[in-house]
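Protein chains in written order, with my numbering: chain A, 1 to 240; chain B, 1001 to 1240.
What the hints contain is simulated information worked out from the structure, not anything from laboratory work.
Quick caveat, the model's predicted, so the values are computed rather than measured.
Misleading hints may appear alongside valid ones.
[To be verified] Derived lysine-lysine pairs resembling DSS-like cross-links, with alpha carbons at most 25 Å apart:
| id | chain 1 | residue 1 | chain 2 | residue 2 |
| --- | --- | --- | --- | --- |
| 1 | B | K1009 | B | K1149 |
| 2 | A | K51 | A | K97 |
| 3 | B | K1086 | B | K1097 |
| 4 | A | K97 | B | K1004 |
| 5 | B | K1009 | B | K1097 |
| 6 | A | K9 | A | K215 |
| 7 | B | K1004 | B | K1149 |
| 8 | B | K1198 | A | K97 |
| 9 | B | K1215 | A | K210 |
| 10 | B | K1051 | B | K1210 |
| 11 | B | K1004 | B | K1016 |
| 12 | B | K1051 | B | K1195 |
| 13 | A | K16 | A | K132 |
| 14 | B | K1210 | A | K51 |
| 15 | A | K16 | B | K1169 |
| 16 | B | K1210 | B | K1149 |
| 17 | A | K198 | A | K169 |
| 18 | B | K1195 | B | K1004 |
| 19 | B | K1089 | B | K1149 |
| 20 | A | K198 | A | K9 |
| 21 | B | K1004 | A | K215 |
| 22 | A | K89 | B | K1195 |
| 23 | B | K1149 | A | K210 |
| 24 | B | K1132 | B | K1049 |
| 25 | B | K1210 | B | K1016 |
| 26 | B | K1169 | B | K1049 |
| 27 | A | K9 | A | K169 |
| 28 | A | K16 | B | K1004 |
| 29 | A | K9 | A | K132 |
| 30 | A | K97 | B | K1009 |
There are 2 protein chains.
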Amino acid sequence: MSLKAISSKDAAALDKDLMDIGGFSLDQLMELAGLSVSQAVYRFHPLTKGKRVLVVCGPGNNGGDGLVAARHLAHYGYAPSIYYPKQGKNELYERLKIQLQNLQVPFVPDFTAALQSTDLIVDAIFGFSFQKPLREPFPSIIRQLEETKIPVLSVDAPSSWDIQEGPPKAGGEEPGATFMPAALISLTAPKPCVKWYKGRHFVGGRFLTKEIADKYDLDLPEYSGIDQIVEVGVNADEKL
Amino acid sequence: MSLKAISSKDAAALDKDLMDIGGFSLDQLMELAGLSVSQAVYRFHPLTKGKRVLVVCGPGNNGGDGLVAARHLAHYGYAPSIYYPKQGKNELYERLKIQLQNLQVPFVPDFTAALQSTDLIVDAIFGFSFQKPLREPFPSIIRQLEETKIPVLSVDAPSSWDIQEGPPKAGGEEPGATFMPAALISLTAPKPCVKWYKGRHFVGGRFLTKEIADKYDLDLPEYSGIDQIVEVGVNADEKL
Chain A
1 MSLKAISSKD AAALDKDLMD IGGFSLDQLM ELAGLSVSQA VYRFHPLTKG
51 KRVLVVCGPG NNGGDGLVAA RHLAHYGYAP SIYYPKQGKN ELYERLKIQL
101 QNLQVPFVPD FTAALQSTDL IVDAIFGFSF QKPLREPFPS IIRQLEETKI
151 PVLSVDAPSS WDIQEGPPKA GGEEPGATFM PAALISLTAP KPCVKWYKGR
201 HFVGGRFLTK EIADKYDLDL PEYSGIDQIV EVGVNADEKL
Chain B
1001 MSLKAISSKD AAALDKDLMD IGGFSLDQLM ELAGLSVSQA VYRFHPLTKG
1051 KRVLVVCGPG NNGGDGLVAA RHLAHYGYAP SIYYPKQGKN ELYERLKIQL
1101 QNLQVPFVPD FTAALQSTDL IVDAIFGFSF QKPLREPFPS IIRQLEETKI
1151 PVLSVDAPSS WDIQEGPPKA GGEEPGATFM PAALISLTAP KPCVKWYKGR
1201 HFVGGRFLTK EIADKYDLDL PEYSGIDQIV EVGVNADEKL
């Protein structure tokens, strides 16, 4: 299965449509997005592969999706921890934090130390609205994500990658040229940068209507049963 | 598995705690409640048993759970329709309606006619805050639910039943004495009236923390995998 991609600009317009025309609140959309991320984790990295999941959250909605996913993971029996160095200040993120604190999910202060004791990393740092350049502390985090042997699942896009143009150029100033997560979950629809992605690829967003899919010229993936995600195949070299 | 029940009064206090202490918004809780209802439908009445589901929604949050469930059911491939005679006016219910209208889910005006062309009924009329007496048009609807051969899945409680005291007395003025849905999903925890219930019984609410469960002396059911529901067995005579 190969799905059409949505540009960064259209993804922003679609999100706005979901709220203005679609009747969704950000609370609802983030709940559904985070739920699909948690299901992708369960599929890609079942509990038998290790329960410890370090969720790295950025300051915006991608980070919020990570917070929701972490809550569901805690209920599934994982042992999530959160690294959240630049915390979004809005009321929704504050509430998502409280939900995790009430589950005794730790917010850890040191990324390098946390990397030593996890089985999986969820990269919920930046999504479709990412704009260069990376600001501290994220360049250092991306460098560590490039180097670690621990599997990474990225939410919506590998953080540091340009949504349209893919990974930064090798040898340039920006880190991330060799960052290749083992798994990716595209929310709503793949972004153009998946062209450069090699690894397991999931799609979530089982709330799109046909009308919105048509407006943005997207495919509605064929979900199975009650799944909130669908695996759209391993992206590999020959598909580039 | 037998789970402790929560009184009507405690269920209201718990809901308030989830929002005041737990950090949840009503949007989030209703999304998760409706999602579990949709999963109970999928488990109790898979698509192969017939796709048509008539969701009967009451004016409050139980009806809202039904609206969310109907949206998920539409995405699973069911053909839901909604009977919603006393529509809650708050902004959340309005948005949930828009979400369904955008999926072309019909809102039907005539319950008796709708009953002739459905494979399953979801009773999302009244939940834990139900207080007698039933007001029109609900007595007539309950009488039809008592008589129909079409299976009914009730959300949180069989509508018309007293949450503490169970079904109305036979021969009394209130209908519902012989209403016995084939399936029931208790949200968060069973209500005391399950003592009188015979049929398949599911529980949803995979967001409770241990702290809240302890406060209200509840059991946390053992969910499996990524399920949002768990079946707690068929309630039968011998368990009364």
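Hint check:
no.	hint	in the structure
1	K1009/B with K1149/B	violated (33 Å)
2	K51/A with K97/A	holds (20 Å)
3	K1086/B with K1097/B	holds (13 Å)
4	K97/A with K1004/B	violated (29 Å)
5	K1009/B with K1097/B	violated (29 Å)
6	K9/A with K215/A	holds (14 Å)
7	K1004/B with K1149/B	violated (31 Å)
8	K1198/B with K97/A	violated (40 Å)
9	K1215/B with K210/A	violated (45 Å)
10	K1051/B with K1210/B	violated (37 Å)
11	K1004/B with K1016/B	holds (20 Å)
12	K1051/B with K1195/B	violated (31 Å)
13	K16/A with K132/A	holds (22 Å)
14	K1210/B with K51/A	holds (19 Å)
15	K16/A with K1169/B	violated (52 Å)
16	K1210/B with K1149/B	violated (40 Å)
17	K198/A with K169/A	holds (17 Å)
18	K1195/B with K1004/B	holds (11 Å)
19	K1089/B with K1149/B	violated (32 Å)
20	K198/A with K9/A	holds (24 Å)
21	K1004/B with K215/A	violated (49 Å)
22	K89/A with K1195/B	violated (46 Å)
23	K1149/B with K210/A	violated (34 Å)
24	K1132/B with K1049/B	violated (34 Å)
25	K1210/B with K1016/B	holds (16 Å)
26	K1169/B with K1049/B	violated (33 Å)
27	K9/A with K169/A	holds (22 Å)
28	K16/A with K1004/B	violated (43 Å)
29	K9/A with K132/A	holds (15 Å)
30	K97/A with K1009/B	violated (28 Å)
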